[in-house]
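From first to last, the protein sequence lines stand for chains A and B. Note that the numbering used here has the first sequence beginning at 1, numbered continuously upward. Note that the numbering used here has the second sequence beginning at 1, numbered continuously upward.
These are calculated hints, taken from the structure and not from any lab test. Certain hints may be false.
Since the list gives no way to pick one copy over another, a pair counts as held whenever it fits inside one copy or between any two copies.
Here are the computed lysine to aspartate or glutamate pairs in the DMTMM-like style, where the Cα-Cα straight-line distance is at most 20 Å [to be verified]:
#	residue 1	residue 2
1	K192	E98
2	K99	E147
3	K192	D59
4	K309	D92
5	K281	E343
6	K221	D24
7	K192	E112
8	K99	D267
9	K281	D267
10	K101	E71
11	K281	E135
12	K221	E252
13	K221	E268
14	K221	E147
2 protein chains.
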Amino acid sequence: MSENVLAPDEMNLDAAAHAARLSDERPADVVELLNQHAPTFAAKVLEHFSPERAVDVLDQSGLDNAPEIIEALPRDRAVSLLTGMSGDRAADILRQLEKSKSTDLLAQFDAETRTTLQRLLAYPEGSAGSIMTTEFVSVPSTWTIAEVLHHIRMVERTRETVYSIYVLDPLKRTLLHAVPLRRLLSGDPHAKILSVAPARRRPITVAPLADRMDAARLISKYDLLAVPVVDGAGRVLGIVTVDDVIDAIVQESTEDVQKFGGVAALDEPYLRIGFLQMIQKRAGWLCVLFLSEMLTASAMQNFEAELQKAIVLTLFIPLIMSSGGNSGSQATSLLIRALALRELSLRDWWRVALREVPTGVALGAILGVIGIVRIAVWQSIGLYNYGQHWVLLAVTVAAALVGIVTFGSLAGSMLPFILQRLGFDPASASAPFVATLVDVTGLVIYFEVAALILTGTLL
Amino acid sequence: MSENVLAPDEMNLDAAAHAARLSDERPADVVELLNQHAPTFAAKVLEHFSPERAVDVLDQSGLDNAPEIIEALPRDRAVSLLTGMSGDRAADILRQLEKSKSTDLLAQFDAETRTTLQRLLAYPEGSAGSIMTTEFVSVPSTWTIAEVLHHIRMVERTRETVYSIYVLDPLKRTLLHAVPLRRLLSGDPHAKILSVAPARRRPITVAPLADRMDAARLISKYDLLAVPVVDGAGRVLGIVTVDDVIDAIVQESTEDVQKFGGVAALDEPYLRIGFLQMIQKRAGWLCVLFLSEMLTASAMQNFEAELQKAIVLTLFIPLIMSSGGNSGSQATSLLIRALALRELSLRDWWRVALREVPTGVALGAILGVIGIVRIAVWQSIGLYNYGQHWVLLAVTVAAALVGIVTFGSLAGSMLPFILQRLGFDPASASAPFVATLVDVTGLVIYFEVAALILTGTLL
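Please take these sequences and the hints and turn them into a complete structure.
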């Protein structure tokens with residue numbers, strides 16, 4: 001973000017110069033440039049644009065500081081721009097303002113816009129209703145194709161998309177069909193619109209309170225440009241368009257990766273998050289993991305006698321524990337995506353368990369062989385002396401690896417199922433979470449295996 | 001996958017029954033059902049469909065076993081269906097067949113289809129060219145709007161989208177403008193197509209060898225329905241449509257999560273991967289990590305004298321090491337996404353470093369305080385006796401935590417930059433990779449801090 005150390009007059013001149021230079025750019029490119037400036041400066045630039053152009057820029061979902069820019073604008077200007085914007089974007093901005101500010105702005109709107117925005121604001125964040133737009137084309141089923149095309153010509157400028165036309169029951173105003181515009185073009189202009197509607201199929205719809213990712217899945221599965229949001233009575237409340245869905249998919253993927261890394265999802269780009277907020281987003285999980293990991297200290301206290309007798313056992317603790325965590329986070333990452341993409345459902349847990357156990361045994365055995373080779377080589381070329389019972393020690397390490405990697409794979413693959421079963425997002429099963437879970441058990445497995453194999457010799 | 005233990009005749013009857021039952025379903029729903037059956041059975045069902053319907057089904061990107069289904073069909077049928085399919089899908093299927101099979105099939109096509117497919121097959125996987133379709137609408141700039149609309153009516157059925165019209169130079173056939181269909185509707189039919197083209201702006205295009213995610217970014221940024229793929233001379237080779245891009249984004253996100261979990265990206269759903277293939281995808285990274293983690297054993301061998309003197313130090317090894325790994329994987333997950341979304345570029349590395357060091361110190365200090373409290377409480381209520389120097393031990397643990405969490409945050413945040421700088425995908429910086437990197441250094445930090453604070457007392 002560039003510093004603006006200009007006096008107000010200079011800033012105004014500078015903003016006018018910027019606005020002039022940006023006059024031919026596409027809205028998305030203007031946004032890219034405005035994102036590099038403070039919101040107050042961006043607001044000044046917008047004031048130098050025509051209202052239509054300012055609305056086009058504010059309508060871009062890529063604009064980072066839209067709420068701050070709206071706040072920095074004179075109230076009248078802010079209200080007229082928000083009125084011109086698409087409903088979903090305007091509601092999104094109002095949602096991010098302080099309650100008192102958004103209430104104050106809402107009071108200034110004309111009655112129709114206010115009602116629309118309040119209805120959109122009522123839908124919870126992340127719902128299909130919260131990302132829908134109310135600017136769509138709907139026509140009664142009694143119209144002819146020519147009438148529909150004429151209507152589209154009239155309203156085209158104010159609609160987010162005209163490529164899907166929603167055909168309603170003329171009396172009940174419920175949704176009968178969704179007709180793609182391309183079908184209209186090749187139809188007979190004097191025929192009724194229903195003549196080009198798909199025969200017996202009911203249109204694909206989504207409920208307003210459904211998760212926005214459900215809307216995304218429908219659009220992706222059926223290759224749609226928009227999906228209508230329909231209430232219980234079958235009336236169209238709005239539509240979710242494909243570009244909203246792309247934004248939602250990208251945002252969810254980001255959250256998934258961040259959660260998997262053990263961070264609470266950030267709402268803003270990395271460099272824009274304040275220092276304290278960053279600490280807050282990370283300290284929570286880090287402390288929970290730290291407190292759980294303290295169980296490893298307790299576990300080791302229990303095995304102190306063994307440690308005293310065979311200090312050589314401690315050398316392999318980090319190696320063995322990390323292998324369990326690594327195999328666990330592999331399994332978790334596979335299962336999180338398989339569940340997110342609906343390749344698997346809850347009731348498939350046992351198939352997964354039946355796959356992960358042999359997989360874990362095989363992977364553990366591979367690592368076990370490497371471990372044995374390493375100890376044997378170090379011992380025989382004299383790099384380190386593991387003592388007279390080095391063969392038994394190597395067997396202990398290998399056996400523990402098989403047990404721990406198997407446990408890691410199983411625990412890592414079951415955790416997302418357990419979280420989903422408990423009503424949490426399976427993506428909350430972060431790599432550090434799995435590693436911590438496996439670490440404590442891993443230590444216990446290691447010492448139990450050691451006791452079994454080494455009692456009478458080293459222990 | 002359901003077993004098909006039916007005799008050939010029964011299977012045929014069963015397939016006919018399935019085909020009849022599916023006659024009214026949408027192609028995407030047919031695909032969902034076919035995915036639950038063996039490819040041989042799915043091929044039988046397709047043979048009972050009309051050619052148009054079979055093509056619609058094969059055109060769905062959700063169909064899991066399309067290459068196997070094509071192989072199971074009689075060759076004539078396979079060739080005619082592939083010819084009817086959209087170019088990008090047909091090429092995608094041929095790409096997945098064995099070389100000999102695809103060459104054999106290619107020889108059967110008519111010359112035009114063969115040339116198109118061969119051209120598509122020549123683009124490397126993951127490129128914009130490999131996911132483009134050649135079925136788009138292009139018109140010379142000399143045409144009127146009425147002529148263009150008439151043309152669209154003629155070709156509508158065979159074009160993947162008609163909502164973007166590509167206006168070409170009539171002589172050089174280079175791309176002049178991309179005009180959205182909606183603009184045509186409201187224009188004067190007798191005016192030239194160029195009258196509704198955006199004035200001075202050059203169209204957004206992508207090169208055939210660009211990454212498919214570059215096409216995705218353009219479509220998402222400019223809210224397009226398709227982006228034209230243009231060669232060096234400015235001629236349109238094909239278009240990448242928004243539904244191809246959604247598939248690409250979802251697939252890349254899956255690969256990112258899997259890579260972050262330390263697995264080589266799977267090409268198929270979890271339950272479809274064979275056992276050996278699964279081992280192969282996971283064993284590689286697991287072995288590399290295991291070999292690197294062996295350095296922890298070497299590090300501990302170096303500190304064996306200290307361990308002998310103060311066995312109590314070992315109790316905190318897993319706790320301290322895991323905290324470093326956890327803070328590292330947090331930082332990595334944040335940076336991977338910030339780089340993938342282009343919020344940051346390579347030259348921002350020092351800003352990130354300047355943020356991560358104080359963040360790491362603060363997070364380490366928080367954990368350090370918890371560590372001190374834990375040791376003090378256990379000591380004072382008699383849960384465990386850490387010896388007479390327990391205060392110094394607590395200070396050692398806290399100081400080591402500050403050092404290790406700081407190092408973890410810094411290493412975890414720099415690793416994606418380093419990988420990108422070296423030409424690798426920053427998403428290859430998996431959580432286990434970071435944890436392993438931090439583990440070895442963490443051990444050294446811990447023992448160095450211990451030597452500094454405890455020499456003369458415990459050591």
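(request) State the violated hints by number, sorted upward, taking the hints as numbered earlier in the document. (result) 1, 2, 3, 4, 7, 11 and 14
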